[in-house]
Amino acid sequence: EAGVVQSPRYKIIEKKQPVAFWCNPISGHNTLYWYRQNLGQGPELLIRYENEEAVDDSQLPKDRFSAERLKGVDSTLKIQPAELGDSAVYLCASSLTSGAYNEQFFGPGTRLTVL
Amino acid sequence: AQTVTQSQPEMSVQEAETVTLSCTYDTSESDYYLFWYKQPPSRQMILVIRQEAYKQQNATENRFSVNFQKAAKSFSLKISDSQLGDAAMYFCAYRYNAGNMLTFGGGTRLMVKP
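Just so you know, the protein sequences line up as chains A and B, in that order.
Taking the working numbering, the leading residue of the first sequence gets 1, the next gets one more, and so forth.
Taking the working numbering, the leading residue of the second sequence gets 1, the next gets one more, and so forth.
Hints were generated in silico from the structure; no laboratory data involved.
Note that beta-carbon positions come from the ideal geometry of N, C-alpha and C, so glycine has one too.
You can take every hint at face value.
Label pairs and their in silico Cβ distance ranges:
1) E52(B) to T113(A): 38 to 48 Å
2) E50(A) to Y54(B): 17 to 27 Å
3) F64(B) to E44(A): 18 to 28 Å
4) Q57(B) to E103(A): 17 to 27 Å
Build the full structure now, drawing on both the sequences and the hints.
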């Protein structure tokens, strides 16, 4: 069974440029999460989707970040415009449902460097 | 708000020896889950072990076991017979039973010496 797929793996951009990350969750997983992991720290949740609905986006900086999960499968996270402080690894995870017991499976992440 | 603290930024262990990674957390809830995740240098995070707060018995998965002290809000991970492949970042995480957000600690980098 294929795991969570993310692309690109690495992205280098200049500040003020836009950038987008793509995630394909494990087949059949209804819940999708985007996390941001700063260097030397643990991941922090940005947004959670239940199917196509964003049900928890309280940590998403809405002035520059946006996300979508059309048709409740793939998801895209966008930053426009990027700032120096956005440099981090962006992790996507998925789980069967949102229940606390359900294991979250993580993708390899996208390492973003903003110059 | 829940917080998770890992006080050991780095740990080192000799191959085949045993190492214990520490984790403490703060919560006012009584029903929750605790997790240890492993993140190798390739960055794909995988679940190592899970503990339900209502269970008194400590979870065990092969060479990995936990020491769950609910009253002390402590959740340490013991790795026995350490192997070179155990070298990674280890993250302790908390999840409220009725909630959906994982709260992670800052991580502990484990180095395994041959």
